[in-house]
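This is what each chain is made of:
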Amino acid sequence: MARTDTQPSNPEGFLNMLRAEAGRGMIPYLLVTAYALIVTTLLLIDPATSLRTDILFVLFLGVMLTLYKVPLAAGYKLVMAIALLGIAMPYFGTLNPFYMDVATQVGMFVVLALGLNIVVGMAGLLDLGYVAFYAVGAYLWAIFSTDQAANIIPRLADSFPLAPEWFFIFLFLGLIVGGFTGVLLGLPVLRLRGDYLAIVTLGFGEVIRVLATNLDRPVNITNGAQGIKSIGRPPLFFEPWVQALGVPLDRSQLYQLYFYFLVLVVVVVMIVVVYRLNNSRIGRAWASIREDETAAIAMGVPLVRMKLLAFAVGASFAGTMGVIFASKQLFINPPTFDLIRSINILAMVILGGMGSIPGAVLGATLVTLLNLQLLPRVARELSVLDVPSWLDPTQYQRMLFGMLLILMTVFRPEGLLPEDRRRQELHGQDESAMPDTLLESEQQQADVTEPDVDIQT
Amino acid sequence: MALLEAKNITKQFGGLVAVNDVTLTIEPGSIISVIGPNGAGKTTFFNVLTGIYKPDRGKIIFDGHPLVNLRPDQITARGICRTFQNIRLFHNMTVLENVLVGMHSRIRAPFWSIILRTPGMKHEEREAIERARHLLAFVNLDNKRDELAKNLPYGDQRRLEIARALGANPKMILLDEPTAGMNPHETASATKIIQNLRDDLGVTVVLIEHDMRVVMSISERISVIDYGTKIAEGGPEEIRANPHVIEAYLGKGAAESSKSAAPSHPPDPPAEVGRPDPELRSQ
Amino acid sequence: MAVGVDADKKIKVQRSVGMILKEVFGPLLQILIYILICTVSLSLFVVLVALLLRGSREDIDLLQSTLIILPQVIVDGLVRGFLFATIALGYTMVYGVLEFINFAHGEIFMVGAFVVAGFAVGLASLGWLEGFPPLLFVLFAVLLGMAVSGLLAMATERLAYRPVRGAPRLVALISAIGASLFLQDFMRMIALATGLGFNVRVQTPDFGDPLQIAEIPIVGERLAVVSIDSRALIFIVSATIMLIGLNYLVNVTKLGKAIRAVAQDRPTASLMGINVNRIIALTFLIGGALGGAAGVLFGIRFGTINPYIGFLPGLKAFTAAVLGGIGNITGAMVGGIVLGFLEAFVASYLSLFTEGAFAGANYADIAAFSILIFILIFRPSGLLGEATTQKV
Chain A
1 MARTDTQPSN
11 PEGFLNMLRA
21 EAGRGMIPYL
31 LVTAYALIVT
41 TLLLIDPATS
51 LRTDILFVLF
61 LGVMLTLYKV
71 PLAAGYKLVM
81 AIALLGIAMP
91 YFGTLNPFYM
101 DVATQVGMFV
111 VLALGLNIVV
121 GMAGLLDLGY
131 VAFYAVGAYL
141 WAIFSTDQAA
151 NIIPRLADSF
161 PLAPEWFFIF
171 LFLGLIVGGF
181 TGVLLGLPVL
191 RLRGDYLAIV
201 TLGFGEVIRV
211 LATNLDRPVN
221 ITNGAQGIKS
231 IGRPPLFFEP
241 WVQALGVPLD
251 RSQLYQLYFY
261 FLVLVVVVVM
271 IVVVYRLNNS
281 RIGRAWASIR
291 EDETAAIAMG
301 VPLVRMKLLA
311 FAVGASFAGT
321 MGVIFASKQL
331 FINPPTFDLI
341 RSINILAMVI
351 LGGMGSIPGA
361 VLGATLVTLL
371 NLQLLPRVAR
381 ELSVLDVPSW
391 LDPTQYQRML
401 FGMLLILMTV
411 FRPEGLLPED
421 RRRQELHGQD
431 ESAMPDTLLE
441 SEQQQADVTE
451 PDVDIQT
Chain B
1 MALLEAKNIT
11 KQFGGLVAVN
21 DVTLTIEPGS
31 IISVIGPNGA
41 GKTTFFNVLT
51 GIYKPDRGKI
61 IFDGHPLVNL
71 RPDQITARGI
81 CRTFQNIRLF
91 HNMTVLENVL
101 VGMHSRIRAP
111 FWSIILRTPG
121 MKHEEREAIE
131 RARHLLAFVN
141 LDNKRDELAK
151 NLPYGDQRRL
161 EIARALGANP
171 KMILLDEPTA
181 GMNPHETASA
191 TKIIQNLRDD
201 LGVTVVLIEH
211 DMRVVMSISE
221 RISVIDYGTK
231 IAEGGPEEIR
241 ANPHVIEAYL
251 GKGAAESSKS
261 AAPSHPPDPP
271 AEVGRPDPEL
281 RSQ
Chain C
1 MAVGVDADKK
11 IKVQRSVGMI
21 LKEVFGPLLQ
31 ILIYILICTV
41 SLSLFVVLVA
51 LLLRGSREDI
61 DLLQSTLIIL
71 PQVIVDGLVR
81 GFLFATIALG
91 YTMVYGVLEF
101 INFAHGEIFM
111 VGAFVVAGFA
121 VGLASLGWLE
131 GFPPLLFVLF
141 AVLLGMAVSG
151 LLAMATERLA
161 YRPVRGAPRL
171 VALISAIGAS
181 LFLQDFMRMI
191 ALATGLGFNV
201 RVQTPDFGDP
211 LQIAEIPIVG
221 ERLAVVSIDS
231 RALIFIVSAT
241 IMLIGLNYLV
251 NVTKLGKAIR
261 AVAQDRPTAS
271 LMGINVNRII
281 ALTFLIGGAL
291 GGAAGVLFGI
301 RFGTINPYIG
311 FLPGLKAFTA
321 AVLGGIGNIT
331 GAMVGGIVLG
341 FLEAFVASYL
351 SLFTEGAFAG
361 ANYADIAAFS
371 ILIFILIFRP
381 SGLLGEATTQ
391 KV
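Which chain is which? The protein sequence lines are A, B and C, in order.
Under the working numbering, residue 457 is the last one in the first sequence; the count climbs by one each step, no gaps.
Under the working numbering, residue 283 is the last one in the second sequence; the count climbs by one each step, no gaps.
Under the working numbering, residue 392 is the last one in the third sequence; the count climbs by one each step, no gaps.
Keep in mind the hints are simulated off the structure, nothing from the lab.
A couple of the hints might just be wrong.
[To be verified] Examples of chain A residues toward chain C, derived with CB under 10 Å: (1) 206; (2) 218; (3) 395.
[What the hints assert, rightly or not] Residues from chain B shown here face chain A by an in silico Cβ test under 8 Å; the list is partial: (4) 50; (5) 53; (6) 68; (7) 69; (8) 73; (9) 82; (10) 92; (11) 104; (12) 107.
Positions of the beta carbon are idealized from the N, C-alpha and C atoms, including for glycine.
Construct all of the structure, not just a fragment, from the sequences and the given hints.
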């Protein structure tokens, strides 16, 4: 996403002028570095959980957005990102585990949002049961890393629970099983029109939850409504090294760091994968399907295969994340995977902008912060004010996200960070030599001809 | 050997016989026009050829292979591509991307090579962009390649549809009213492009067209469809003089009077006169 | 509308009473036929399975158990069937005019159930509930529920759907999901704020004992008592009356004609002087009112409600609408009936036949979705819908 060339901004308004001023020479580098340093320092001075730290934490994450938005050298951005996410954040996390957990969850939802973004945003297939694939991954690891698996394969009962080392194999298994489940659901339903697909996936999400609740009989596979406890964790293979270095961290801190970095790696890998897919024949095929299925198939795009691919890739992201989720939480039960979680992820995609990769990241971050920090914070502040308990905002996730979805679709359907199709790396070098005025007149021309087209069709 | 042989094609919608027992043979390297009043079944015939509809009866042999029962994308991969009467571009994609989508069946990079961004995949992608730009230059749109398709003026959109169809590297291209709604200047330039399709790129052209000047000036053979049935076929001069054709366009009286009048007056019917067109309401 | 009305008056042909009767009661006849088909075929099926499995159980006589619960299951099927049918109408009518799935319709239904709960609480606080005539209670509650839900549906359309009408399908659908979620919690907020609580028991006047219809002697000395709960009976009768009313409204009145015109071709309808926005709003009003009435009847029949009950019946009613052929009003009724029967039979007999290994009530949901998927794959036009061809 390197955008080294400083685009001459439209000279309208004071703000833009300022931006143009700041765009010259070293000033933006100094400003961004100073911003990052100040926020980080303030964060580390007093890491205790408080409203002040909450705000600083959000500002800290805001550095990443700034890095994305401001045109700076790619190398600088990379160094800053590594310094902040790879060093400052984990160090802060050892001081205050709560924020570490928030950051890890943000990362997990980023991956889920990226996956759903492929299905909904890029290929235009509304999947309302996305969390089902997450559940499949989570139950996969939960069953095999506990005694639960012995009920299914009694002959090998002795070998369960599996050793922690299996975790890494199950990361890939989660990928494959998730993708496979996606294909399994997709095969029959992807021939359907879009709105039917939404209903069927919604139903599928419910079916998976009902199955998870009821498959404790006749054979106990999922342990029913009680859920599965004591799920296996990945091996702490680096513990001796850390001790050898004399870093005073206990096991729970090590696990926290472990999951943080694991999720960070997965996030980076997934962003690269999605970005590459999007800028290839596959991404173009998805976009064409989203735009006009009939035209797409007439141009030689194999509809069902491409839709299945989108479904499978999206589902495999969720499958992998499910494995990580299960081992991080240690406990899962069916209500963990209810409809509202699918809607949460959908809200992330819509908020950020359908089809937009940075949008999905931003959306996931905002919604997760809203859920984990803003709502509980507001609730706490309200409880001081002696507000009746039925007004507790943490209780009204559905209302909040419902409103968010409506407001976004009505007022800003393209999302906060819309997909920028016109300036892709693919053809970013040679800008169209057309002056803005000409562009505008053409726009008008297009507007004039539009009614004509309408009557024709 | 003929490039395309469509034999006894019949397509019904409920009680309406949209295409009735139409047989059409197309030689490679020719420009053929299919004309007929609105609602005669021309577009339906195109839809059958490109696999969007399955014919109820009849068979289609293209380049020695049967086409019936193939999916539209498979037919495109075999070498038939088309444009749409009511422009169906991918509006929120750039001009270049529209053409690249048209090239989908010609880009082979497998999933893994895309994720790993292998040199082979990058090379193929570069070549694809190169070729797409050639095609855009062919329809005079290369300077607008980074604009969104929806922002193009009407005439450009029609030409972009042709470039997109060419992306699949077709042996035969079906153009559904390529000059509809164009002003005389745009029509002339479009006509030139259609001619070049055959002359420069060697693509066989089949077009549905209402503008008789275009039809008469560039087609080598013309088929006339009325009420789903082929009523005439021949060179421009034959069609011009054919009483069945005149009757179909202007009614029985006109056919009789034109017999007595000089046959050199082309019927040249205005495109919008005719029976109410069920295809118009589609979409 | 003016032009259309005048022209209509001039050329209005006096339709014979017979024709009107046919248009109003014809669909009902179709429903009756489907009820009979479902009853007979499903009953035969379970009896056959019972006979086949008879030897496998020692503790109970499978055939006898099957027969004893059969009448109850059929009544249950009818109630569920009419429930789905009434809700499905809202989906199908909106789909007919807008080609849009109104996700929030399940919540409109749920609000109806809360209306009756609130109504009963209101009456009780005045001390009138005990002695209130049951039928009058039902009538008032249904009318109130229809008004509240209908207006709510209209408001939803105005605020959440109309602004995105020109947008791609996906966008409108997402807005509808938003509306659905919003309404769930909005109702919950009201319920909590007014002290009703999350799980609400719907109080009603005493409806009396179940009506005993017949006693059928089965093998041995046991008698199968065929009875019907009076609330179930009220449900079925009220639903039938509403369906008749709807048929009249859509097939005979001028408003119905306008609705059908808008459903066929919106631009042309608007050229004919029909105020499309008004007709769409009215469609939501009618669909919402039916959903609200279904909610009221549901509340009376089943007694316990919460703000999230709209989701599953809504989903199943949508399945019913698709089953019958979405956009087709008679189809929605028939689809509801068929789905209701299937579900009732799965819920009651699955655990009986599998010795409790599979709890039928839970798997009934799965059965409903499997049906949805199968229909969408093999006959997407539904039982009564016409095959549509893709248009290019």
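Going through the hints against the structure:
1. Below 10 Å, beta-carbon pairs count as interface contacts, and residue 206(A) has one with chain C at about 7 Å; its hint therefore holds.
2. A hinted interface residue such as residue 218(A) counts as satisfied when its beta carbon comes closer than 10 Å to some beta carbon of chain C; here the least separation is about 4 Å, so the hint holds.
3. Given the 10 Å rule on beta carbons, the hint for residue 395(A) holds: about 8 Å separates it from the nearest Cβ of chain C.
4. Hint status for residue 50(B): holds, given a least beta-carbon distance of 6 Å to chain A, under 8 Å.
5. The interface hint given for residue 53(B) is broken, as the beta carbon of that residue sits about 11 Å from the closest beta carbon of chain A, more than 8 Å.
6. With its C-beta approaching chain A no nearer than about 16 Å, residue 68(B) sits outside the 8 Å limit, and its interface hint is violated.
7. The beta carbon of residue 69(B) is not positioned within 8 Å of any beta carbon in chain A (closest approach about 15 Å), and the interface hint is therefore violated.
8. Using the Cβ-Cβ criterion of 8 Å, the hint placing residue 73(B) at the interface with chain A is satisfied: the shortest such distance is roughly 5 Å.
9. Annotation: residue 82(B) was flagged as interfacial toward chain A, and the flag holds, the nearest CB pair being 6 Å apart, inside 8 Å.
10. Taking 8 Å as the C-beta contact cut-off toward chain A, the hint placing residue 92(B) at the interface holds, the least distance being around 6 Å.
11. For the restraint placing residue 104(B) at the interface with chain A, the shortest Cβ-Cβ distance is roughly 5 Å, inside the 8 Å limit, so the hint holds.
12. Hint status for residue 107(B) relative to chain A: holds, with the closest Cβ pair at about 4 Å, below 8 Å.
In this structure, the earlier hints numbered 5, 6 and 7 are contradicted, and the remaining ones agree with it.
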